[in-house]
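Given chain F, put chain X in place with the hints provided.
Chain residues, written in single-letter form:
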Amino acid sequence: MKDLETLDWSEDQIDALTEIMNLGIGVAANSLSEMVGEEVILNIPKIRLVSRSEITNDLAEQNPEGMSYVFQDFNGSVFGRSALLFPIQKSFNLVKALLKDMAVDDEMTEMEQEALSEVGNVILNACIATMVDTLGLEIEVEIPQYVRGGPVGVLLAGDTKLDDTQTNLFCAVEFKTHESGIEGYVLFLLELPSVKNLKKSLEEYLNGILGV
Amino acid sequence: MGNECKVLIVDDSKLARIMLQRAISVYNPEWSIAQAANGEEGLIAFEEDKPDIILVDYHMPGINGIELAQKFRDKDKTIPIALCTANIQNTIQEQAEGIGISFVAKPITNDAVAEFLKVADKARMEKPQ
Numbered sequence: 001m002k003d004l005e006t007l008d009w010s011e012d013q014i015d016a017l018t019e020i021m022n023l024g025i026g027v028a029a030n031s032l033s034e035m036v037g038e039e040v041i042l043n044i045p046k047i048r049l050v051s052r053s054e055i056t057n058d059l060a061e062q063n064p065e066g067m068s069y070v071f072q073d074f075n076g077s078v079f080g081r082s083a084l085l086f087p088i089q090k091s092f093n094l095v096k097a098l099l100k101d102m103a104v105d106d107e108m109t110e111m112e113q114e115a116l117s118e119v120g121n122v123i124l125n126a127c128i129a130t131m132v133d134t135l136g137l138e139i140e141v142e143i144p145q146y147v148r149g150g151p152v153g154v155l156l157a158g159d160t161k162l163d164d165t166q167t168n169l170f171c172a173v174e175f176k177t178h179e180s181g182i183e184g185y186v187l188f189l190l191e192l193p194s195v196k197n198l199k200k201s202l203e204e205y206l207n208g209i210l211g212v
Numbered sequence: 213m214g215n216e217c218k219v220l221i222v223d224d225s226k227l228a229r230i231m232l233q234r235a236i237s238v239y240n241p242e243w244s245i246a247q248a249a250n251g252e253e254g255l256i257a258f259e260e261d262k263p264d265i266i267l268v269d270y271h272m273p274g275i276n277g278i279e280l281a282q283k284f285r286d287k288d289k290t291i292p293i294a295l296c297t298a299n300i301q302n303t304i305q306e307q308a309e310g311i312g313i314s315f316v317a318k319p320i321t322n323d324a325v326a327e328f329l330k331v332a333d334k335a336r337m338e339k340p341q
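Sequence lines, in order, name chains F and X.
Residues 1 to 212 in our numbering are what the first sequence spells out, letter by letter.
Residues 213 to 341 in our numbering are what the second sequence spells out, letter by letter.
Bound-form chain F, shown alone (with noise of 0.2 Å):
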């Protein structure tokens, strides 16, 4: 794992992305908050460089059972991946929450892709829309993905561009809920390329907001 540091990012440019990221989350908490009935508990986000088997690995070992998760890619002049994961005992939190008392046990599995993936589409689409809107950037979505998978497809499932030992931008902010039990991971993943262009994009977002 390295920081953005090494990459001559400012502190001024990493704290503008952390902040445009915070947007974005606050925006989807939001969301999610009316979608459950209850408050959303955010951390705050956490960025990174660090390579896509680093990340597999290391979610693989703080959820031994595995995760539900969509991942939605993203193309333009920033590409990369956004995810919303949960860990597979506590994914029908979320479908229970959600239906509340429609909630039927043993349609729980098929229920879990429904929910998972609408789930999945508010809170992805707000966080890149966020980041879209505030740099100015032009992006293409792609359709989200539902994956039930083991520990060590997170991530890595679909087509990947680049090699899994790669370093990459890594962003993750974790999420929960009290009453309903909820437990997940928002995650974006910017592929390295691109990283100089969210550079260049932040650069002139902070020219303007200082005047320069």
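Please keep in mind that the hints were generated in silico from the structure rather than gathered at the bench.
Check the hints yourself; a few may be wrong.
To be verified - Derived Cβ-Cβ restraints for the label pairs, each shown as a range:
no.: 1; chain 1: F; residue 1: G211; chain 2: X; residue 2: K283; range: 31 to 37 Å
no.: 2; chain 1: X; residue 1: E306; chain 2: F; residue 2: L192; range: 38 to 44 Å
no.: 3; chain 1: F; residue 1: K100; chain 2: X; residue 2: R285; range: 35 to 41 Å
no.: 4; chain 1: X; residue 1: K334; chain 2: F; residue 2: S53; range: 20 to 26 Å
no.: 5; chain 1: F; residue 1: I143; chain 2: X; residue 2: Q233; range: 40 to 46 Å
As the list claims (entries may be wrong) - Derived list of chain F stretches under chain X, where covered just means 3 residues or more per stretch with a C-beta under 8 Å from a C-beta of chain X:
no.: 6; segment: 14-22
no.: 7; segment: 28-41
no.: 8; segment: 115-121
Unchecked claim - Cβ-to-Cβ under 10 Å is the rule here; a few derived chain F residues that face chain X:
no.: 9; residue: T6
no.: 10; residue: I25
no.: 11; residue: T130
None of these values were measured; they are calculated from a predicted model.
Think of the CB as a built atom: it goes at the ideal place given N, C-alpha and C, for glycine as much as any other residue.
Showing chain X alone in chain F's frame:
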């Protein structure tokens, strides 16, 4: 108490502090502004700068904005305080309301900050000396 006013901004993001500073200066360029990057620094600034109005972020390292605002409120029952956050959930807004502070949603806009400052300015002018 005239046109002089000290505003304290507590936010761990430098970008957010710059945007708030700009919004305050647009509202009244003569007001002075103090800044702190977390709750601990905010409490020190509160004692040293004796602000008239406070803006606090919610998500910060250490104590959160609601806890910090409560500490400010314990020291001064009437000082106008706004929670300025991207966490726009109803429960957070209710917590702010519960301790008698205002709520300003991020992203920061000059208009939203001005709306709070106008009310805060009026409240501090009416504050018994």
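Against the structure, the hints:
With their beta carbons about 35 Å apart, G211 of chain F and K283 of chain X fall inside the hinted range of 31 to 37 Å. Hint check: E306 of chain X to L192 of chain F, Cβ distance near 42 Å, so the stated range 38 to 44 Å holds. Between K100 of chain F and R285 of chain X the beta carbons are some 36 Å apart, a value that agrees with the proposed interval 35 to 41 Å. The beta-carbon spacing between K334 of chain X and S53 of chain F, approximately 58 Å, falls outside the hinted interval of 20 to 26 Å.
Here the CB-CB span from I143 of chain F to Q233 of chain X is close to 42 Å, well matched to the stated 40 to 46 Å. With a cut-off of 8 Å between beta carbons, the segment 14-22 of chain F has 5 residues touching chain X; three or more are needed, and the interface restraint holds. Requiring three or more residues with a Cβ within less than 8 Å of a Cβ of chain X, the coverage given for the segment 28-41 of chain F holds, as 7 such residues are present. For the segment 115-121 of chain F, the assignment as covered by chain X is violated, since 0 residues bring a beta-carbon within under 8 Å of that chain's beta-carbons and 3 are needed.
Hint status for T6 of chain F: violated, given a least beta-carbon distance of 20 Å to chain X, over 10 Å. With a least beta-carbon distance of about 7 Å to chain X, the hint placing I25 of chain F at the interface is held under the 10 Å criterion. Here the hint on T130 of chain F is kept, as its CB sits about 8 Å from the closest CB of chain X, short of 10 Å.
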